[in-house]
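Q: Model the placement of chain B on the given structure of chain A, informed by the hints.
Chains as they are written, first to last, in the working numbering: chain A, 1 to 481; chain B, 1 to 445.
Keep in mind that the hints were calculated from the coordinates and are not lab data.
Treat the hints with care, as some may be off.
[To be verified] Between beta-carbon pairs, the in silico distance windows are: (1) A/K182 / B/S350: 40 to 48 Å; (2) B/I390 / A/G410: 46 to 54 Å; (3) A/G414 / B/G316: 40 to 48 Å; (4) A/Y105 / B/N325: 29 to 37 Å.
[As the list claims (entries may be wrong)] Only pairs whose alpha carbons sit at most 20 Å apart, straight line, appear in this in silico SDA-like list of lysine to any residue: (5) A/K481 / B/G220; (6) B/K313 / A/Q40; (7) B/K67 / A/R46.
For every residue, glycine included, the Cβ atom is placed at its ideal position computed from N, Cα and C.
One-letter residues, chain by chain:
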Amino acid sequence: MQEQIRTVLERLKQAGVDYADIRVSEIVEEGISTENGKVQNLSTNRTKGYGVRVVALGSLGFAASQEFEHMEQTALEALRIAKASQVAQRQPVRLSPKEAVVDHYATKVGIDPFTVPKSEKLDLLFRAEAAMREAAPTLFKTVGNMDFRREEKLFMDTDGSVITQTLYESGGGIEAIAVSPKEMQKRTYPNSFRGNFATAGYEFVLAMGLVENAPRVAREAAMLIAAEECPSGLFDLIIDGSQLTLQIHESIGHPIELDRVFGYEAGYAGTSFLNPAMVGFQYGSKHVNVVADATVPGGLGTFGYDDEGVKAQSTPIITQGIFQGFVSSRDTAAVLGQESSGTARADGWRRIPIVRMTNINLLPGDFELNELIAGVEDGLLLSANKSWSIDDKRLNFQFACEMASEIKGGKLTGKIYRNPIYTGITPEFWNSCDGVANEKYWQMFGTPNCGKGEPGQVAHVGHGSAPARFRKVKVGVADVK
Amino acid sequence: MLSKRSLYDIIDLVLAEAKPFDARVLVNAGTQGLTRYANSEIHQSVYEDATEVTITITTANKRSETKTTAYDEASLREVVRDLVQNLTFLPEGEEQPALVEGPPLIETELWSAGLEEQYTVEKRAQLIKDCLDTLDSNHLAYGALTYSVGHLAFGNSRGIKRFARTNRVNFSALVAASAGGSGFAKITGSHPGKLDVFAAFARARQKALLNKDPIDLEPGAYTVILEPLAVSDLISYMSLIAFTGKSVQNQASFLTGKLGERVFDPRLNLTDDYTDENTMRLPFDFEGAARTVVDIICAGVPTGLTHDGQSAKKAGVPTTGHSVNMPNYGGLPINLVMTPGEKSLAQIISESDRALLVTRFHYMNPVNPRQGLLTALTRDGFFKIEKGHIVAAVKNMRFTESMLVALNNVVEIASDREATPSFFANHYVPALKLKDFHFTGKTQA
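This is chain A alone, in the form it adopts within the complex (with noise of 0.2 Å):
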């Protein structure tokens, strides 16, 4: 295979092009859910191809294949494209340099989980279900999840580069639904949308005790239904990891790419209120510290390279609240006289990488989980993503959550209610940070599902965080008239 694409490498530096790579990756996927105790669907996906791109005249071209037969074909096809995209060129595209590398990397796994029999899953997964029966008789519906991924990957490029990648993600998990003639109410863990995963083998989903956790994530399903609707208005709030995980991602991981701060995202997902000029920019109270860490262990944007063969780095994006830079590829750091800082990436062999998020976390703060409460006379915990939406520069944002503990007088007063939304602008919502609880309490989510780009991309990122505190923060649409 090596040798196939040097000589298609080759062939392509005498057709005149400045720069090429070609990236081969085989992908396999095992898919199983469960519903009321049966199973609802075991599926295997394989995939295997190669995305040729090129860079010739300052000109971008693109083009990926299943036929290896035909790679000379694919890649004289991206150089085709590439001089076709002349006409409409005003600025030559620029790569930012970068080091031949030739390595490997492997995510460490315990146990891969593609050996780990089927039977074996689905007999985790039933056991999950029928304690979440047990606990809760009257749900309308339990579902359990488990999704595993393996990524062979070979990149090669004409600055003789050579790096293979081997990556797992491994995750599930269980949900419990309940019904009234007027509502739906569900519960999850340890995530919504079908649960948690990371770059991990099986051992990451033994140790979610989804059976240990099913009673009571029965029991809250069944109470939603008769707990209160969630009041409107300003609320202090404590938001934790399984719902400020999407927050992160919204209002932060997707305003510092710099592909959407260039327009390049502008016709489909959007821009970014922010400017290379916003470096220094008060993002976020002091308690705010965040980066883009590729390197972190688990974290389901964790990899060795990139897909433009850059090294993972950990980046600091927000220090005590200030705004320190961008994620970005070769051709958008260039624009700004820098390197990549190695988020490049496509969801498989078909599409071309683009800027992506690896892990951005927010950094556990100093604040134990009490203590964050005691600091709330009249608020809400709010727990677990239930739908969200933001505006196409990452300023307005509206999330529901599936569950809201009411806090009065700094304590938790065991209330819940039901379909609670919060809303706010995103640089006022990140000041209003006034704490974040510490290390003990700082869990990393996987969210598996960030589309993105023309064609269409789904990422696998992640998000670390721990429970944090926000000051009045909009709650609810109901006083809307």
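A: Frame of chain A, contents of chain B only:
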């Protein structure tokens, strides 16, 4: 790209290997060339050629499925062996729907030589360049021009065969002023004569010219005129959360318990109609069932739901032929056509004393599916109308509204309709004028 014969050969090989089990095979072969532009230059132009084989093997109560891009004989035999192996340990599950038995053959040609000729990579680049040349120095443009070709084939152990050859163009244009205001247009279609890229680009440019010095409005209830792109977004999300048999069976649909009752404005009629020439026109679904026309809403009454085989079996009805091979969603309506009203959009605007005109929405999501509660923000052209004229651009706002309420507050349905992209195909919808539409938040742009 693989020919019809090659796709049928793949299907026959898999079906022979899967015997004596029931199997169905879907082969989706396609190419796509997408030329993307930003800051008035082409920045990403890409091409892909991919063939994916989906194999589903079932017994009365078991189902095992795989997707693979490796379609050589050895790989396919190995995949089928794995699938059969799964059946040995899978516990008895839900009763599986019977394989589709008829008609034996459906083949359709939805491919246009004219489209193929007009949208090569070089011609796409030149078209974009010609559009960009119409802009003044105060404006930049962003968007994508896509040409895709598909060969879709299906077969199952009952001997039925399906094949469709399609090609299609999608074009989007966002024109933005250096001062910040933007306009947007998007078109989709497969008839070369009906695709006017220049006209769409000009619409986006015209909107951008109007979208300047936006005023600030406070959250509250407003009369809105939703252009077809905005209506299409609402309809797409409603179809996902409410119009499928599966969503009602899950008690997640806001139509749960409301079928047959009048819950929307009596002027509202919505049909999933693949025979309408403005839709994608694929006459079969991903389970090989003949697609049927389903009246979703008749005179404000929800009357029909779309099904795949599984949800149909559970409901005790025949499948409607709407499988997209996503059993979690059930059968999805992907060709929704809304009956037009009598006044043109221009006339509705000119007769409006006070209203807000919405070009499109951004980042829509269901807040509470059971209540039909959706949220999204306006984007790329949000205008205040007074006495029949656009008098100001408005800073973008967020709506949070139940569709059960919104579609009971219909003031007008426009007579002119547009083919608008949806999740899987496209809809054909008019503009709607709605009263008391709740904007619950505002943003700064």
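Q: Hint by hint, note whether the structure agrees.
A: Going through the hints against the structure:
Distance hint check for A/K182 and B/S350: the Cβ-Cβ separation is about 41 Å, which falls inside the suggested range of 40 to 48 Å. For the pair B/I390 and A/G410, the supplied restraint of 46 to 54 Å holds, since their beta-carbon distance comes to about 52 Å. Restraint check, A/G414 to B/G316: a C-beta distance of roughly 44 Å satisfies the suggested window 40 to 48 Å. Distance hint check: the CB atoms of A/Y105 and B/N325 are about 34 Å apart, consistent with the given range 29 to 37 Å.
Distance check on the hinted pair: A/K481 and B/G220 sit about 6 Å apart at the alpha-carbon level, within 20 Å; holds. Taking the CA atoms of B/K313 and A/Q40, the gap is about 15 Å. The hint holds against a cut of 20 Å. Note on B/K67 and A/R46: the hinted pairing holds, with a Cα-Cα distance of about 6 Å set against a maximum of 20 Å.
The structure meets every hint from the earlier list without exception.
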